[in-house]
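Build out the structure end to end from the sequences listed, making use of the hints.
What follows is the residue order along each chain.
There are 2 protein chains.
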Amino acid sequence: MQFELNIEYIEQLKQAIIDKNDQLIKEQFKELHAVDIALILDRLNTEEANYIYDYLDEEMAADVLLEMDEERREALLATFSTKEIAEQLDNMNSDDAADVINELPEDIQEEVLSQIEDIEQASDIADLMSYEEGTAGSLMAKELVTVYAQDTVSACIDGIRRQTEHIEAFYAIYVVDDNNKLIGVLPLKKLIVSHPLAKIEEIYDPDILSVKTSASSEEVAAIIQKYDLVALPVIDQLGRLVGRITIDDVMDVMREEAEKDIQLMSGITDDVDSSDSLWRLSKARIPWLLVGMCGGIIGSRIIGSYESQIQIHPEMAFFIPLIGATGGNVGVQSSAIIVQSLANNTLVTDKISQKLLKELSVGLINGLICSSLILGYNLIINETWSLAATVSIALLTVILCASFLGTFVPLTMNRFNINPALATGPFVTTLNDIIGITIYFLVGRLLYGVL
Amino acid sequence: MQFELNIEYIEQLKQAIIDKNDQLIKEQFKELHAVDIALILDRLNTEEANYIYDYLDEEMAADVLLEMDEERREALLATFSTKEIAEQLDNMNSDDAADVINELPEDIQEEVLSQIEDIEQASDIADLMSYEEGTAGSLMAKELVTVYAQDTVSACIDGIRRQTEHIEAFYAIYVVDDNNKLIGVLPLKKLIVSHPLAKIEEIYDPDILSVKTSASSEEVAAIIQKYDLVALPVIDQLGRLVGRITIDDVMDVMREEAEKDIQLMSGITDDVDSSDSLWRLSKARIPWLLVGMCGGIIGSRIIGSYESQIQIHPEMAFFIPLIGATGGNVGVQSSAIIVQSLANNTLVTDKISQKLLKELSVGLINGLICSSLILGYNLIINETWSLAATVSIALLTVILCASFLGTFVPLTMNRFNINPALATGPFVTTLNDIIGITIYFLVGRLLYGVL
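So the sequences go chain by chain: B and G.
Numbering-wise, my numbering puts 363 at position 363 of the first sequence, and it's gapless, one number per residue.
Numbering-wise, my numbering puts 875 at position 424 of the second sequence, and it's gapless, one number per residue.
Misleading hints may appear alongside valid ones.
What the hints assert, rightly or not - Under 8 Å between C-beta atoms, here's a sample of chain G residues computed to sit facing chain B:
(1) Thr720
(2) Ile737
(3) Thr777
(4) Ile816
Because the hints were derived from the structure by calculation, they are not lab data.
For glycine and all other residues, C-beta sits at the position ideal for the given N, C-alpha and C.
The structure is reproduced here in structure tokens:
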């Protein structure tokens, strides 16, 4: 039932296109789901994709277009006339159509809009385009099934029959008053099992969550996830029902958020994936490499100021990587736990000071374990007491510092509305590297003087 | 409409419990959603939670129990008799009840099961408990709305009325044949708008995706996400419909997967969050710290073998952190991009050799930029040509190596079914640290001999 894409399949298809083997192509695409066809078109060049696209029926063509990779879709649409694009948009849900039109070059957007045959659809799209990106308004669709509170079940079923003519699937029936104000929801179960003459106002559920059009997409995702909703109605400033957001739109938001976090954590500044161009990939990665390099240069200056000490005690240099790496690892661990707690909202009733205390305790436990082990190692291999003590004391201090920073930095960033995931990456690692080296050589100078 | 939890609220509530201010407590909890009540109970101690819990009505109590944190739920259930637990399970969906019963101590599981009043519910739960964890069988619920293909719409509505007596909400009506084999789905829209005497077999949609009970939860999540489904039916080996999995169950799986990946990437070996015990947090973090330490010790041995060289040229030590940090950063970036592509299945038709070539090209671009900049810096601050050349050549080589490893290691892990996220953490960083130092001193020895 599920389709597996592989290289051989693509090769065969490309050959069929060259041979103009229409029979085979039609056969291949009859049974496939839009998502799978889109995956196939993503692997073909624009000309080939165009060739296949012409075989799809109207509805399928619009669905496939939506599922395609953004860049590939743009390339395909660039070969269409504005009239052809408008025809595709007519077969889409208003929210999807607005997304597609927003991707088009600005100078043709208006022309495409004006060529959409269904006037209502065109005005819905234009309306959706006016909301700021990243708000509930920009995420919602206008396709709604609504009933009036004072209607009967049978009148309501007639209404639904009319409204669903252009709607593929729906998951909620919203109940509104005379002013189109959202007052509740009618569970489908109730509609199906209630007497035809029952009044909606007697059977609907007034307990309904909604968001304003201005709510952020993160807020929308959080509500849908927290309350396990399938669809969330959107209201305007006056409480009037204007649209709905479904869980699949939110899953995309969630996935993008998670990817952004992982990229921030890994020191990648832009949303890239492995199929992007060499130049884009390089550009997204160079900034944090340069930050890390600056950290390295600062490190070199610090070590440089101990040049004469290193000449006398070259063994001090041996443990530079150990100190740096452990500080980095501890910092990343601490901040990852904080970032995750922030994302899950499990931090809600705890104070920063409590968090810091706990994190420092964990740091103390692990620091004592690590520094005892390295002390044992250094004594076994007969290093001098000075070096052994320096490494262990510095290691413990570095682990404590890194625990503190790994907790403090993301919490502070979050307070200033900066994505705390930024802290779990090259930023905290670089900071810990510099601090680690400073501590190590300070302790070394002290102990070599003393011991 | 949405409830915001804060410290003052919890303090007030604790006081109300001490004062036995029943009026206030009842007032507070009347309007709240189960999720919010669960969040509140998670913040109270077991005794307080128990006190509040008694105020909730049956249905709400079961919902709250499900939404609570696992550890807090276990603590609360430990204060219940087996009879009381059984009553709670009777008010849950079969899948949730099976999850809860699986968390109970094994010796009381059977007793609880035997005390569930609804025999059908008890047998559904027992059935679900028999599936292996992490399979579709263990994720699914038994609550289904099914209709027979040869029924009429009106007979079918009667059937739904019967079946939904115990079902809170449903998103799909499954169509089965006489042998209970799944043959399609009846869109709700069709049911509502079709003539009462129309036959189901004339209006149902035979195009339906399903999974076998043995499918993995990752597979289930991938299908639901890929095809934007709200619910997915589960069939047995003979194609008979046995359950369904809804998108909210899958969202939990997805979130857990994403968290596991981030923890692996951050060098945390167990699923912990900041509210876990000190000991658990420390234990989850020490293994990778020790791996990093071993890397540091190996690094110290490598540097140690160049002791005499460092004595003559102590400036070689200055750039150890820069080389290590840059190698680490590049490795993490490369592997993060690969891990993400693997998670999104966007790698499907590309060969490993192509990926490596591309990644090495990105490495070459960024490596040339970084090493030119550091060359400029070293010449400006009047370092010797030998050191300047050593640092730049080593840096370029290290970046290329790290790009290679950051791509190769996760791809190879994935091939052997090891979670590739493991590669984007201390593992690759440690490896790159060691390789970086080796390259740096090798180049240094060569160039100082030559220049």
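Given Thr720/G was flagged as interface, is its beta-carbon under 8 Å from a beta-carbon of chain B?
Violated, about 10 Å.
Thr777/G was flagged as interface toward chain B. Is the shortest Cβ-Cβ separation under 8 Å?
Since chain B brings a Cβ to about 6 Å from Thr777/G, closer than 8 Å, the hint holds.
Chain B contact restraint for Ile816/G - C-beta distance below 8 Å
holds, 4 Å
Satisfaction of the Ile737/G interface hint, Cβ to chain B closer than 8 Å:
This hint holds: Ile737/G lies near chain B, its Cβ roughly 5 Å from the closest one there, short of 8 Å.
In terms of the numbered hints stated before, the structure departs from hint 1 and from no other.
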